[in-house]
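Protein chains: 2
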Amino acid sequence: MVKNMALGRDYATQACEIAHALTVVGERWTLLILRDAFYGVTRFNDFQTHLGMSRSVLAERLQKLEHAGISLRRPYQTAPPRHEYMLTQRGIDLWPVLLTLHEWGSERTPQGQRLHFYRHASCQSQLGPYGQCQTCGPVAPQDVEVVPGEGVTQNPADPVSRALLKPHRLLTPLSPAAAEA
Amino acid sequence: MVKNMALGRDYATQACEIAHALTVVGERWTLLILRDAFYGVTRFNDFQTHLGMSRSVLAERLQKLEHAGISLRRPYQTAPPRHEYMLTQRGIDLWPVLLTLHEWGSERTPQGQRLHFYRHASCQSQLGPYGQCQTCGPVAPQDVEVVPGEGVTQNPADPVSRALLKPHRLLTPLSPAAAEA
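Note that the protein sequences, when read in sequence, are chains R and A.
The first sequence begins at 1 in the numbering used here and counts up by one.
The second sequence begins at 1 in the numbering used here and counts up by one.
Worth flagging that the hints you see were computed from the coordinates, not collected in a lab.
Here a beta-carbon is modelled for each residue, glycine too, at the ideal position from N, C-alpha and C.
Be careful, since some hints might not be right.
[Unchecked claim] Taking lysine to any residue pairs in the SDA-like style, the calculated list, with each CA pair at most 25 Å apart, reads:
hint: 1; chain 1: R; residue 1: K64; chain 2: A; residue 2: K64
hint: 2; chain 1: R; residue 1: K64; chain 2: R; residue 2: N45
hint: 3; chain 1: R; residue 1: K166; chain 2: R; residue 2: F117
hint: 4; chain 1: R; residue 1: K64; chain 2: A; residue 2: E107
hint: 5; chain 1: A; residue 1: K64; chain 2: R; residue 2: S106
hint: 6; chain 1: R; residue 1: K64; chain 2: R; residue 2: F44
hint: 7; chain 1: R; residue 1: K64; chain 2: A; residue 2: R90
hint: 8; chain 1: R; residue 1: K166; chain 2: A; residue 2: A15
hint: 9; chain 1: R; residue 1: K64; chain 2: R; residue 2: S106
[To be verified] Quick partial rundown of chain A residues pointing at chain R, CB under 10 Å, derived from the structure:
hint: 10; residue: C16
hint: 11; residue: L98
hint: 12; residue: T153
hint: 13; residue: K166
With these hints in hand, go ahead and build the complete structure from the sequences.
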């Protein structure tokens, strides 16, 4: 019975800040969609091909993020109508969650090779615990670059992964198509 | 099609540290089970009544956490056989993830009231961003207390919630039954 209940309703009985956060971002795929948004993905098709998830689930997750005030959708083309998705400040405030997941996950990748790491854009130092720059102190996500590590696939099938073979500043649109033009 | 695939298999195509972490801790309920483990819950029935989740899903999640080296199970009684669940160091290393979720969720609780907050046990200062003690600096979870806020239900139905009406040091067994004896 509990299995079939909606996530929000389940967690709503858990009177706790962590449960409140998970009600919004705890659904399958949502944190990976947010990761992609930090990496500069803005368009539906780019999320979809990079994540390899169903279009209907992606549309539903993006709509929930919009309703929760984490992302916003704005038109970039009218004929046919097309939208892009951007993080709001509330969404950007989730950076520490992704950062700590990344830190924990980085000790557990297959073969122990780095896939991606984060560095401070202005001084190129790799970020330490809690995303602090070892040289300069706390760093906002806008000043962080995601950098491919030695374990990353060199011939990925999708344009977002190919664009991320070069260092890229977070929250800057990635424009994977333009990168390949 | 994608909808019905197992979570691990889905995320395994995402070559990234965050996806690796979510493969292990990204399933529904898992982060709330871990929260409870940090709060000192050690017994199956206490997890079950506190979380209000199905026994079969709880058993499956606890087994996965054990297989991932995040928790371990040890007998505390032989007739009938009963086990308790404890976090390993790998599990304790997940504290920053819970802390950042708590921080983000704390701005979004209903009525804006605090439900729980964390403080440094030795100096009683409330923890600031990234769980740092404003007075003493970084604090290990073993030195953190979870403290009920003004928004917490004063007459909760389950013994774990009742035991958490008093400040409690993380990773110290909670013994909810003993607290009511």
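Pair hint K166(R) and F117(R), alpha-carbon separation not exceeding 25 Å: 12 Å, holds
Per the CB criterion, is K166(A) less than 10 Å away from chain R? With a minimum Cβ separation of about 16 Å from chain R (threshold 10 Å), the hint on K166(A) is violated.
Restraint check for K64(R) with S106(R), where alpha carbons must lie at most 25 Å apart: 29 Å, violated
Keeping to a limit of 25 Å between CA atoms, is the pair of K64(R) and E107(A) held or broken? Roughly 18 Å between the alpha carbons, so the hint for K64(R) and E107(A) holds.
Verify the proposed pairing of K64(R) with N45(R), using a straight-line Cα cut of 25 Å. Holds - the C-alpha atoms of N45(R) and K64(R) are around 18 Å apart, at most 25 Å.
With a cut-off of 10 Å, does the beta carbon of T153(A) approach a beta carbon of chain R closely enough for the hint to hold? 6 Å, holds
Does K64(R) pair with F44(R) here, judged by a C-alpha cut-off of 25 Å? With a Cα-Cα distance of about 14 Å, the restraint between K64(R) and F44(R) holds, given a limit of 25 Å.
Under the criterion that the straight-line Cα-Cα distance not exceed 25 Å, is the pair K166(R), A15(A) satisfied? 15 Å, holds
Let me know if the C-beta of L98(A) comes in closer than 10 Å to any C-beta of chain R, holds or violated. 6 Å, holds
Proposed proximity, K64(A) with K64(R) (alpha carbon, max 25 Å): At roughly 29 Å apart (the allowed maximum being 25 Å), K64(A) and K64(R) break the hint.
Would the hint on C16(A) stand, with a C-beta cut-off of 10 Å toward chain R? Interface hint status for C16(A): holds (5 Å vs cutoff 10 Å).
Restraint check for K64(A) with S106(R), where alpha carbons must lie at most 25 Å apart: 19 Å, holds
When the structure is compared with the earlier hints, violations turn up for hints 1, 7, 9 and 13 and for no others.
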